[in-house]
Amino acid sequence: RKEVEQDPGPFNVPEGATVAFNCTYSNSASQSFFWYRQDCRKEPKLLMSVYSSGNEDGRFTAQLNRASQYISLLIRDSKLSDSATYLCVVNKEGSYIPTFGRGTSLIVHP
Amino acid sequence: EAQVTQNPRYLITVTGKKLTVTCSQNMNHEYMSWYRQDPGLGLRQIYYSMNVEVTDKGDVPEGYKVSRKEKRNFPLILESPSPNQTSLYFCASSVRAGRGYEQYFGPGTRLTVT
Chain A
1 RKEVEQDPGP
11 FNVPEGATVA
21 FNCTYSNSAS
31 QSFFWYRQDC
41 RKEPKLLMSV
51 YSSGNEDGRF
61 TAQLNRASQY
71 ISLLIRDSKL
81 SDSATYLCVV
91 NKEGSYIPTF
101 GRGTSLIVHP
Chain B
1001 EAQVTQNPRY
1011 LITVTGKKLT
1021 VTCSQNMNHE
1031 YMSWYRQDPG
1041 LGLRQIYYSM
1051 NVEVTDKGDV
1061 PEGYKVSRKE
1071 KRNFPLILES
1081 PSPNQTSLYF
1091 CASSVRAGRG
1101 YEQYFGPGTR
1111 LTVT
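In order, the protein sequences belong to chains A and B.
Sequential numbering of the first sequence, starting at 1, is according to the working numbering.
Sequential numbering of the second sequence, starting at 1001, is according to the working numbering.
Be aware that one or more of the hints could be misleading.
Taking lysine to aspartate or glutamate and the EDC-like style, the derived pairs with C-alpha atoms no more than 16 Å apart in a straight line are [stated by the list, open to error]:
hint : chain 1 : residue 1 : chain 2 : residue 2
1    : B       : K1018     : B       : D1038
2    : A       : K42       : B       : D1038
3    : A       : K92       : B       : D1059
Bear in mind the hints are in silico, worked out from the structure with no lab data behind them.
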């Protein structure tokens, strides 16, 4: 089993839709979690951290489920500009070597 | 403006010709790292540095060298590039956030080795 797994997609949704991605991790010692967004041929950019209590930033909500070892990203009211690849990142406590998922592609169409 | 810069952005070279990709950050971050991104493999860490003169291997360090003589700069050196090092390279500068690190990436360097 890969350390961090994501459904590559693509998720093809209309504008205004709600879409959710999951990211599973295999190492129960994992302690920090992030979502990054990457546009085609561009650098990844931090979207949000994922806290144990979950967190919300506008249309984006991130959740952590430690029991089932996954994190999720929910995007409400999708915009065309949300089209990108979403990467999840997992760190073990004390480790500076993050593990990136391979990303989930989202395409929002008119 | 807080940023990470990389140079060059694009490079085509031949096997065995030494090259250096520069990386600089203006955020006074202690942590910096290099990644390569390949189709189907995702981002993989090559080397990282926790501070000046402190560097360590990531997941795929073979064929690469780094140095950290100043806090702001973290160059990646390919002493003898080979075609399997053709890739998209990202430098990142990081800041501690809770139990992990938030990373800020440079714009990338697309390297082709023929």
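Do the hints match the structure? See the list:
For the hint linking B:K1018 to B:D1038, the alpha-carbon distance of about 21 Å lies beyond 16 Å, and the restraint is violated. Restraint check for A:K42 and B:D1038: the C-alpha separation of about 13 Å stays at or below 16 Å, so the hint holds. Taking the CA atoms of A:K92 and B:D1059, the gap is near 14 Å; set against the 16 Å cutoff, the hint holds.
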